[in-house]
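K.L.:
Use the sequences and the hints to build the structure in full.
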Amino acid sequence: MQIATFTNTRGESVVFDSFGPFVLQKIDGTANVSTEIKSTKSPYQDGSSFAGAQLDDRDIPIQGFINSISQQELYERRRELTRILNPKLGPGKLVYENSFRSYAIDAIALEGPVFGERFVHANLFVINFIANDPYWRDIETATKALRAEVGGLTFPLRLPTRFALASYRGVFHNTGDVETPVEIRYKGPATNPIVTNETTGEFIKVNCELLATDTLFITTERGNKRVEILNADGSKKNVFHWIDLGSTFFQLKIGENILRYGSSQDSDQLPATVTMSWSNRFLGG
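In the numbering used here, the protein residues as written are 1 to 285.
Derived from the structure by calculation, the hints contain no laboratory data.
The beta carbon of each residue, even a glycine, is placed where N, CA and C say it ideally should be.
Do not rely on the hints blindly, as some may be mistaken.
Computed cross-link-like contacts, EDC-like style, restricted to lysine to aspartate or glutamate with a CA-CA straight-line distance of at most 20 angstroms [said to hold, decoys possible]:
1. LYS253 - ASP177
2. LYS38 - ASP56
3. LYS144 - GLU179
4. LYS225 - GLU202
5. LYS187 - GLU209
6. LYS187 - ASP59
7. LYS237 - GLU221
8. LYS253 - GLU179
9. LYS144 - GLU221
10. LYS205 - ASP244
11. LYS144 - GLU198
12. LYS93 - GLU12
13. LYS187 - ASP266
14. LYS93 - ASP59
15. LYS93 - ASP46
16. LYS236 - GLU209
17. LYS253 - GLU209
18. LYS93 - ASP17
19. LYS187 - ASP214
20. LYS93 - ASP133
21. LYS26 - GLU117
Using C-beta positions, here's what the derived DEER-type ranges look like [said to hold, decoys possible]:
22. VAL120 - GLY234: 40 to 48 angstroms
23. LYS253 - ASN86: 34 to 42 angstroms
24. ILE258 - ARG226: 20 to 28 angstroms
25. LYS144 - ALA53: 49 to 57 angstroms
26. LEU270 - ASN98: 41 to 49 angstroms
27. ILE254 - SER39: 21 to 29 angstroms
28. LEU55 - ARG147: 29 to 37 angstroms
29. LYS253 - GLY284: 14 to 22 angstroms
30. PRO43 - THR5: 52 to 60 angstroms
31. ARG118 - LYS88: 23 to 31 angstroms
32. SER49 - ILE254: 21 to 29 angstroms
33. GLY47 - TRP242: 45 to 53 angstroms
P.N.:
Structure (structure tokens):
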């Protein structure tokens, strides 16, 4: 079973499946993507040294046909497909579903649908989708909070002493094939809020004062990095220039990541709320 669904930036969708009216005959590019191997070579070195691998854009060609009951419906379906796949609208969301699971990717139809031969009330078509970001991702974004867990240490001696402990962290699992960016929402209060990935040692710190009604929003996505304060009235303020110089727009590494949040004022940490959102990314499905 294979189904492909494309939704454009205007919210219009078209489904390619086995039942019509847009019948899916073949879809390629769901697994493999062209890769360029980067290497270095020293004088007199036999062979070369691996330096990295760079994935190309992902090509996803779809072949199918319009299945209609009349000539009028055929041309209506052609018009519908052309409108929804308009490349001038920019990249839309392509969802690919097989018998195992579903994946999503941002893609654009290079030239809209290319129509081929007609057979009575059926019309062949080819659509060449291209995804500039080659990774498939989860359909739904995962969201999890970093929780403040307050506990303590007690001793068997009869002493009125209890050592309080507070932990402001959470464990996050990246089950994808590569590292993935995160979105951070840090609701105040906080003074110089900071989120640290203890697994890698990287952190993001913003030198600012957050009120209890403010939310700091950070995204570490390459090409879309943002650092903003969302105020109670709905307004946004760009505070990218307030980022601490030692900060890194870190990503979740593959596997387990332990994240911790903090503030220069310890009393701010308990009432603060911090959530992380991310999508696992895959090489193919």
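K.L.:
If a hint holds in the structure, say so; if it doesn't, say that too.
P.N.:
Structure-based check of each hint:
1. LYS253 - ASP177: holds (9 angstroms)
2. LYS38 - ASP56: holds (13 angstroms)
3. LYS144 - GLU179: The hint holds at about 17 angstroms.
4. LYS225 - GLU202: It holds: about 16 angstroms lies between the C-alpha atoms, which stays within 20 angstroms.
5. LYS187 - GLU209: Cα-Cα ~11 angstroms, so holds.
6. LYS187 - ASP59: violated (40 angstroms)
7. LYS237 - GLU221: The given pair, whose Cα atoms are some 19 angstroms apart, holds under the 20 angstroms limit.
8. LYS253 - GLU179: holds (5 angstroms)
9. LYS144 - GLU221: Roughly 18 angstroms separates the two Cα atoms, so the pair holds.
10. LYS205 - ASP244: Given pair LYS205, ASP244 holds - Cα atoms ~5 angstroms apart, limit 20 angstroms.
11. LYS144 - GLU198: holds (17 angstroms)
12. LYS93 - GLU12: The hint holds at about 10 angstroms.
13. LYS187 - ASP266: Holds: LYS187 and ASP266 sit about 15 angstroms apart, inside 20 angstroms.
14. LYS93 - ASP59: With a Cα-Cα distance of about 14 angstroms, the restraint between LYS93 and ASP59 holds, given a limit of 20 angstroms.
15. LYS93 - ASP46: violated (46 angstroms)
16. LYS236 - GLU209: holds (15 angstroms)
17. LYS253 - GLU209: Distance ~29 angstroms between LYS253 and GLU209 Cα, so the pair is violated.
18. LYS93 - ASP17: holds (17 angstroms)
19. LYS187 - ASP214: Cα-Cα ~6 angstroms, so holds.
20. LYS93 - ASP133: holds (12 angstroms)
21. LYS26 - GLU117: Status holds; Cα separation ~16 angstroms.
22. VAL120 - GLY234: 40 to 48 angstroms: Roughly 55 angstroms apart at Cβ, these two residues miss the hinted range, so it is violated.
23. LYS253 - ASN86: 34 to 42 angstroms: holds (38 angstroms)
24. ILE258 - ARG226: 20 to 28 angstroms: Holds, since ILE258 and ARG226 (Cβ atoms, about 24 angstroms apart) stay within the stated range.
25. LYS144 - ALA53: 49 to 57 angstroms: violated (30 angstroms)
26. LEU270 - ASN98: 41 to 49 angstroms: holds (46 angstroms)
27. ILE254 - SER39: 21 to 29 angstroms: holds (23 angstroms)
28. LEU55 - ARG147: 29 to 37 angstroms: Holds, since LEU55 and ARG147 (Cβ atoms, about 36 angstroms apart) stay within the stated range.
29. LYS253 - GLY284: 14 to 22 angstroms: holds (20 angstroms)
30. PRO43 - THR5: 52 to 60 angstroms: holds (54 angstroms)
31. ARG118 - LYS88: 23 to 31 angstroms: holds (26 angstroms)
32. SER49 - ILE254: 21 to 29 angstroms: Between SER49 and ILE254, where Cβ atoms are some 23 angstroms apart, the hint holds.
33. GLY47 - TRP242: 45 to 53 angstroms: holds (48 angstroms)
This entry does not satisfy hints 6, 15, 17, 22, 25, going by the numbered hints stated previously.
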